[in-house]
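Protein chains in written order, with our numbering: chain A, 1 to 340; chain B, 1001 to 1202.
Don't read these hints as lab results, they were simulated from the structure.
Even for Gly, the Cβ is constructed at its ideal location relative to N, Cα and C.
Treat the hints with care, as some may be off.
What the hints assert, rightly or not - If you anchor each label on the Cβ, the simulated ranges turn out as follows:
#1 Ser194/A <-> Val1069/B: 30 to 38 Å
#2 Arg1076/B <-> Val91/A: 36 to 44 Å
#3 Arg1087/B <-> Ser194/A: 17 to 25 Å
#4 Leu1053/B <-> Pro322/A: 51 to 59 Å
#5 Val91/A <-> Ala1098/B: 48 to 56 Å
#6 Thr1130/B <-> Pro314/A: 24 to 32 Å
#7 Pro280/A <-> Ser1085/B: 50 to 58 Å
#8 Leu1053/B <-> Gln52/A: 52 to 60 Å
#9 Ser194/A <-> Ala1098/B: 31 to 39 Å
#10 Arg1076/B <-> Gly137/A: 44 to 52 Å
#11 Glu40/A <-> Glu1042/B: 45 to 53 Å
#12 Phe1110/B <-> Arg192/A: 55 to 63 Å
As the list claims (entries may be wrong) - No more than 20 Å apart at the CA atoms, straight line, and that leaves these computed lysine to aspartate or glutamate pairs for EDC-like:
#13 Lys1083/B <-> Glu1131/B
#14 Lys1041/B <-> Glu31/A
#15 Lys1041/B <-> Glu116/A
#16 Lys1083/B <-> Glu31/A
#17 Lys1083/B <-> Asp28/A
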Amino acid sequence: MTVARRLVTAGTACLFLGVACNLGPFPDFLERLDPLDPVEGQVKAWILAEEQQTQVLVLSESGRFLHSVIGRDTAVVLETGAFSISGKQLVMQSEVRYEFPQESGAVSNRTGAQSEQINREKRRDALREGERLTIEGWGTFVSTADYVSGLDFSTSTGRGCLLKYIQLSIRTAQSRIRNFGGGGTVIYHNNRSSFSGFLSGEQTIVVENLLSPDTTISSRDFQDFPEVRLDGRIVSHVSTAGDGSLEDSISFRILGATSETGPGGGGAGGAVSSDPSARPVLASGRLVYGPDDAIQIGQGDVVGGSYELVLTTPTSSGDIFPWQFLDDLDLRPCSVFADQ
Amino acid sequence: MTRSLCIIGCLASQLVCNESQAFEHRHGVGVGYQSVHISAKETESFHLRSFPLSYAGRYGGTVGAELRVATLFPLRARQGELKFSPRAEYEHAQQFDAFLAPNLRFSKVFAWQLDSGLGAHLQYVRFRSTEYVEWSTGALGLGASAGARTPLSQEFWAGHGELSVLGHLAYDFIDLSRGGHMTGGVVAQVLVTVGYALGTQK
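Using the sequences and the hints given, assemble the complete structure.
Okay, here's the thing in structure tokens:
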């Protein structure tokens, strides 16, 4: 399922631009598509792989956070807002909550990604020890820089873990596309809409040809996580029954940390530079969805085909992962988590 | 009780047009004013005021059917304290309204031919832009219509020209687009049309 499933929602898009389908709750008049504004300054990100989910917490020097909880079944709950350090406590003031559920049934009846403005404060004891951040009630995160540097790109297992990490970023980005995954994707029919990355760049979505929908999601210098930079596009071609295939590819660059370190110390907001030009490229390549051995879609879900991971840096390689590989986002066997 | 009903029925039958016409068809186009109030479950209600450009037709004799379809130009929108012009804020603002009803023609009052009906109402609104969440709704309901028509002078279309004042009031309760998130919609439309009427007197 995952990416493709979300892409084909327009495949069962309702006729007549939304009549007789479920577009979800009414938005307010003049409600912004995505209230998230890109952050400025340095950032530091943390990751925690658990049995049922993986959490990624991105903290910016400017006091903004992005907290993405991606279930193994690829469902996403994302919160953004402001944070501060108060004594030993990490105080997170959530402002927007995004939810991208894993749904079944007819695509036109699925709700898809939704967001709501909230005002909720959470206080948790937090302790940073180098590249570890322990947050009471959640567990001990490792820095995403550590996670990435712990991947062995020379093995297919390491490259598979890289792919799953990239997929966390893709899923987090998709959760911000209002109605994505539901019949309400029809709102993007001939209406290209853009969404900013938490750190930089943008992704856009547009649906064309309602009776044989083509949905294109493009990324340009897109960064939600400090180590993952995405470009390229994914295109789905499906029938109104939601049957079809994916094509095109997403290019990625995995950025390493620089020698420049931020405030560090005991605070959770210790940061590294987010300026991509100042950072080494640890890995780069493409995630190919088609047309060769393309990901196949049946009634809105991925039912066949393979993902091709083409690595160009640090070494050239090509791996084929069966379509089921990204249905289970379990990162516990990966990188530093495998050693724990 | 039975007697009262009989009296009402008799009065009504007196009002119904007793001019025998096998068939007529009237066509008109016009402009007017429409007000829409939509209530939703999760948020404050929405109000729209629009300028309809409408076609209105009637087919039949004493008993007939009427059809009104309009494309509308939203003028003002309001939700709570928020007031704005949809066409200024959204890159595309589309609105459509249709009313189809069996229709009964009544006796003339002075030079005005009156008719009225009960039927189905459909509305569709879509505001979209690249910045805001698309706001759209499709709804179906029931409504009542009324119309008054008077002939224009003989110079207009060989005496077939007529001026009409039409209106309908509808309550939309079937949410076609949001899976039940709409709780109801009230639509009031008034039109002034100019058209022609062709009929066959028996």
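Consistency of the hints with the structure:
no.: 1; hint: Ser194/A <-> Val1069/B: 30 to 38 Å; result: holds (35 Å)
no.: 2; hint: Arg1076/B <-> Val91/A: 36 to 44 Å; result: holds (42 Å)
no.: 3; hint: Arg1087/B <-> Ser194/A: 17 to 25 Å; result: holds (22 Å)
no.: 4; hint: Leu1053/B <-> Pro322/A: 51 to 59 Å; result: holds (56 Å)
no.: 5; hint: Val91/A <-> Ala1098/B: 48 to 56 Å; result: holds (54 Å)
no.: 6; hint: Thr1130/B <-> Pro314/A: 24 to 32 Å; result: violated (39 Å)
no.: 7; hint: Pro280/A <-> Ser1085/B: 50 to 58 Å; result: holds (51 Å)
no.: 8; hint: Leu1053/B <-> Gln52/A: 52 to 60 Å; result: holds (56 Å)
no.: 9; hint: Ser194/A <-> Ala1098/B: 31 to 39 Å; result: holds (34 Å)
no.: 10; hint: Arg1076/B <-> Gly137/A: 44 to 52 Å; result: holds (49 Å)
no.: 11; hint: Glu40/A <-> Glu1042/B: 45 to 53 Å; result: violated (33 Å)
no.: 12; hint: Phe1110/B <-> Arg192/A: 55 to 63 Å; result: holds (57 Å)
no.: 13; hint: Lys1083/B <-> Glu1131/B; result: holds (18 Å)
no.: 14; hint: Lys1041/B <-> Glu31/A; result: holds (17 Å)
no.: 15; hint: Lys1041/B <-> Glu116/A; result: holds (15 Å)
no.: 16; hint: Lys1083/B <-> Glu31/A; result: holds (13 Å)
no.: 17; hint: Lys1083/B <-> Asp28/A; result: holds (12 Å)
The structure does not agree with the numbered hints 6, 11 stated previously, though it agrees with the rest.
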